[in-house]
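Asker: The primary structure of each chain is shown beneath.
Number of protein chains: 2
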Amino acid sequence: MPVRTIEWVGETDGCVRLIDQTLLPVETRFIECKDPGTLWEAIKSLRVRGAPAIGIAAAMGVVLGAQKSQAETGAGLVSDVERCADYLATARPTAANLFWALDRMRRAARESAEKHPEEIRHRLLAEANTILEEDRDICRRIGRNGAELIHDGDTVLTHCNAGSLATADYGTALGVIYAAHEQGKRVSVFADETRPLLQGARLTTWELMQRGIDVTLICDNTAGLVMKEDKVNLILVGADRIAANGDTANKVGTYSLAVLAGEHDVPFYVAAPLSTFDLDVDCGHNIPIEQRSGEEITCGFGRRTAPKGVKTYSPAFDVTPGYHITAIITEHGIIARPTTKGISEHFAEANK
Amino acid sequence: MPVRTIEWVGETDGCVRLIDQTLLPVETRFIECKDPGTLWEAIKSLRVRGAPAIGIAAAMGVVLGAQKSQAETGAGLVSDVERCADYLATARPTAANLFWALDRMRRAARESAEKHPEEIRHRLLAEANTILEEDRDICRRIGRNGAELIHDGDTVLTHCNAGSLATADYGTALGVIYAAHEQGKRVSVFADETRPLLQGARLTTWELMQRGIDVTLICDNTAGLVMKEDKVNLILVGADRIAANGDTANKVGTYSLAVLAGEHDVPFYVAAPLSTFDLDVDCGHNIPIEQRSGEEITCGFGRRTAPKGVKTYSPAFDVTPGYHITAIITEHGIIARPTTKGISEHFAEANK
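Residue numbers (this note's numbering), protein chains in the order written: chain V, 49 to 400; chain Z, 49 to 400.
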């Protein structure tokens, strides 16, 4: 593990420690979030990003909210916690894990509403740490399940960062690569740089190089070419939200990769925990897509790279229809050619 | 016309004046190239770029070579000119117009080999200026021919810069848009930013905004999404070299756009002068593709955006097979669904 992406430091009076991912790879700096507002800003500005990591961060943000609450009764604290969860839910709109984790924290609070505020705080910290610990385990199971799909000598193309930095410490899409690597398979990776915020260039290459995995950085627009040149055996990406029918929201550009994969007969895999599925959303059309500031495109590199006043269109995510996806890899197994029925059955089995 | 991309200033003892396109849109600075070495560097480092503009610049570079020659005979000067042309041909390997223009200059020199060196210099300057003047005319004819394909209210997606800045002053792909605009058609444009050197973000948006044409900047990885969202009526790009069978080398990312256009039933048009065709090359497989420095990806904009030592793959161009192209627009007309036969017939008609 290169670094700890996120952790709770101390007891209920502690704080959240995050690696500031906006500074990587040039600088490895940790920040401490001591109140929900700082944590909200850290999520909003992508100091912590990646659907599972956002979920963990938000859960810990609720612990900070409970810590700051002046409530003298359990019911009062629960009410403050609910308000804090509502607030944290506004940090980013797309990642399902954010809402899933906040719901877990709300539930944990409500279940302890009869207790003393300090006991509830302990319960909430335990729940947040459980979410983090579960994520470690889930990612390793996703990795093992997905590694079956990687053959010795394969080259994987990936987009954005679905690695250690997007989760507690192992990754979803990159977790699959790590697991194959740990099994002794030789794996090479093409990493899309992933404009505008360059998570692929800054984070994915950094992680893979730290683990000694062969990685080549390309511009996003070069992905089609490397497929045409037969340099890619499979595509592996993470997900921010998966609808009941398998439509998958992930970093903008993922949809194009899926179409290009189809054109070149390259399998296209999504790796994500069950907590990334939103079964209340029937299809991708109903997944809310975050719009980011145009400044991220026009002056993201420390210097202006487009005329002042230029119009931009900057959605953070796009939706890949389930029918373009060869399989979704979860901690429970593999959903081949995802459909509403297949996903529903997968959940039924997982919940047995 | 926003600016003069390139011009010869003065008589045979003059120099080449270029707008330094690496500084746009932040700074509008002109440079004067007074010897072939400076001009070679300007082409190599993309201060002047775009296949037609590279051809014009190289032709003028040959005039600089003739100016510097100490030869006292016509034959001696022609020999120096040939050496200078060979040298300028090494600046960049893909754009057909570079070699086409240098061949014209060599021919002009040889045809005047019997004359006095100063007469040959005048002949070469006249030839270079003719290439520039012809380009103005050719681009307007391409524009008129292509404008037939644009309907009132259409939105065009374009990649890189095939505009005023890539030619003498009007453009190929953007020339088509300018012509439609001049005919009173309402046209909107999505401009891919075009990593790594951001010609779309820096140059295409700048040109279009100066001409009052509605333009929206997107990251390259967002092109598939805007097509999926039915926001694009057609794609228009330029070309760096077109093989005898219609396979087209253009800025890396063009191939992916063509595949995505096919998926979404969006017509995909290439606009280029006949001088961009290389009929000696049977298919795209035999077009040499320039590899650029990885630094253009990892620290192109004043700050490092990837780990030191990361491997990169940075081809400047890719090849779109002719069968992905709806039509090629030239100064002579439109080659629908280009094939070796169709292109050969188009040239036969054009040369009548």
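Worth double-checking, as some hints may not be accurate.
[To be verified] Using 25 Å as the maximum straight-line C-alpha spacing, the simulated PhoX-like pairs for lysine-lysine come out as follows:
| # | chain 1 | residue 1 | chain 2 | residue 2 |
| --- | --- | --- | --- | --- |
| 1 | Z | 389 | Z | 400 |
| 2 | Z | 356 | Z | 389 |
| 3 | V | 92 | V | 279 |
| 4 | V | 279 | Z | 359 |
| 5 | V | 400 | V | 389 |
| 6 | Z | 359 | V | 276 |
| 7 | Z | 279 | V | 359 |
| 8 | V | 116 | V | 92 |
| 9 | V | 233 | V | 163 |
| 10 | Z | 279 | V | 356 |
| 11 | V | 82 | V | 116 |
| 12 | Z | 92 | Z | 276 |
| 13 | Z | 279 | Z | 233 |
| 14 | Z | 82 | Z | 92 |
| 15 | Z | 359 | Z | 389 |
| 16 | Z | 276 | V | 276 |
| 17 | Z | 116 | Z | 82 |
| 18 | V | 233 | V | 279 |
| 19 | V | 233 | Z | 359 |
| 20 | Z | 92 | V | 279 |
| 21 | Z | 233 | V | 359 |
| 22 | Z | 389 | V | 359 |
| 23 | V | 82 | V | 92 |
[Claimed, not checked] Taking CB as the label site, the calculated pair distances span:
| # | chain 1 | residue 1 | chain 2 | residue 2 | range |
| --- | --- | --- | --- | --- | --- |
| 24 | Z | 336 | V | 371 | 30 to 40 Å |
| 25 | Z | 313 | V | 396 | 46 to 56 Å |
| 26 | Z | 137 | V | 330 | 25 to 35 Å |
| 27 | V | 343 | Z | 341 | 49 to 59 Å |
| 28 | Z | 279 | V | 330 | 34 to 44 Å |
| 29 | Z | 392 | V | 230 | 52 to 62 Å |
These aren't lab readings, by the way, just hints derived from the structure by calculation.
Because the structure is a prediction, the values reported are computed rather than measured.
Quick reminder that beta carbons are idealized off the backbone N, C-alpha and C, glycines included.
Asker: Now look at each hint and say whether the structure bears it out.
Answerer: For each hint, the structure was consulted:
Restraint check: the Cα-Cα separation between residue 389 of chain Z and residue 400 of chain Z comes to about 17 Å, which is no more than 25 Å; the hinted pair holds. A hinted pair counts as satisfied when its Cα atoms are at most 25 Å apart, and residue 356 of chain Z with residue 389 of chain Z does not qualify at roughly 49 Å. The suggested pairing of residue 92 of chain V with residue 279 of chain V is violated, with an alpha-carbon distance near 36 Å, which exceeds 25 Å. Between residue 279 of chain V and residue 359 of chain Z, the direct Cα distance comes to roughly 15 Å. Compliance with the 25 Å bound is thereby established for this hinted pair.
Of the supplied pair hints, the one linking residue 400 of chain V and residue 389 of chain V holds, its CA atoms being roughly 17 Å apart against a limit of 25 Å. With a CA separation close to 20 Å, the supplied pair residue 359 of chain Z and residue 276 of chain V stays within the 25 Å bound. For the given pair, residue 279 of chain Z sits about 15 Å from residue 359 of chain V by alpha-carbon distance, which is consistent with the 25 Å threshold. Annotation: proposed proximity of residue 116 of chain V to residue 92 of chain V holds, straight-line Cα distance about 21 Å (limit 25 Å).
Between residue 233 of chain V and residue 163 of chain V, the direct Cα distance comes to roughly 52 Å. Violation of the 25 Å bound is thereby established for this hinted pair. This hinted pair checks out: residue 279 of chain Z and residue 356 of chain V have alpha carbons roughly 24 Å apart, not beyond 25 Å. With a CA separation close to 9 Å, the supplied pair residue 82 of chain V and residue 116 of chain V stays within the 25 Å bound. Simply put, residue 92 of chain Z and residue 276 of chain Z have alpha-carbon atoms about 37 Å apart, too far for the 25 Å limit, and the pair is violated.
Pair hint residue 279 of chain Z plus residue 233 of chain Z holds up; C-alpha atoms about 17 Å apart against a cutoff of 25 Å. Under the criterion of a C-alpha separation no larger than 25 Å, the hint pairing residue 82 of chain Z with residue 92 of chain Z is consistent with the structure, at around 16 Å. Proximity of residue 359 of chain Z to residue 389 of chain Z is assessed by CA-CA distance (about 42 Å); at most 25 Å being required, the pair is judged violated. Using a Cα cut-off of 25 Å, the hinted pair residue 276 of chain Z and residue 276 of chain V holds, with the two alpha carbons roughly 22 Å apart.
Between residue 116 of chain Z and residue 82 of chain Z, the direct Cα distance comes to roughly 9 Å. Compliance with the 25 Å bound is thereby established for this hinted pair. With a C-alpha separation of about 17 Å, the suggested pair residue 233 of chain V and residue 279 of chain V falls inside the 25 Å cut-off, and the hint holds. In summary, the hint linking residue 233 of chain V to residue 359 of chain Z is supported, as the alpha carbons are separated by about 20 Å, within the 25 Å threshold. This hinted pair does not check out: residue 92 of chain Z and residue 279 of chain V have alpha carbons roughly 28 Å apart, beyond 25 Å.
Only pairs whose Cα atoms come within 25 Å are accepted, and residue 233 of chain Z paired with residue 359 of chain V is accepted, the gap being roughly 20 Å. At roughly 42 Å between alpha-carbon atoms, residue 389 of chain Z and residue 359 of chain V are farther apart than 25 Å, so this suggested pair is violated. Using a Cα cut-off of 25 Å, the hinted pair residue 82 of chain V and residue 92 of chain V holds, with the two alpha carbons roughly 16 Å apart. At roughly 39 Å, the beta-carbon separation of residue 336 of chain Z and residue 371 of chain V lies within the given 30 to 40 Å, and the hint holds.
Hint check: residue 313 of chain Z to residue 396 of chain V, Cβ distance near 38 Å, so the stated range 46 to 56 Å is violated. Judged by the Cβ atoms, the range 25 to 35 Å given for residue 137 of chain Z and residue 330 of chain V is violated: they are separated by roughly 59 Å. A hinted range of 49 to 59 Å for the beta carbons of residue 343 of chain V and residue 341 of chain Z is inconsistent with their spacing of about 27 Å. A C-beta distance of roughly 24 Å is found between residue 279 of chain Z and residue 330 of chain V, which places it outside the suggested range of 34 to 44 Å.
Distance hint check: the CB atoms of residue 392 of chain Z and residue 230 of chain V are about 57 Å apart, consistent with the given range 52 to 62 Å.
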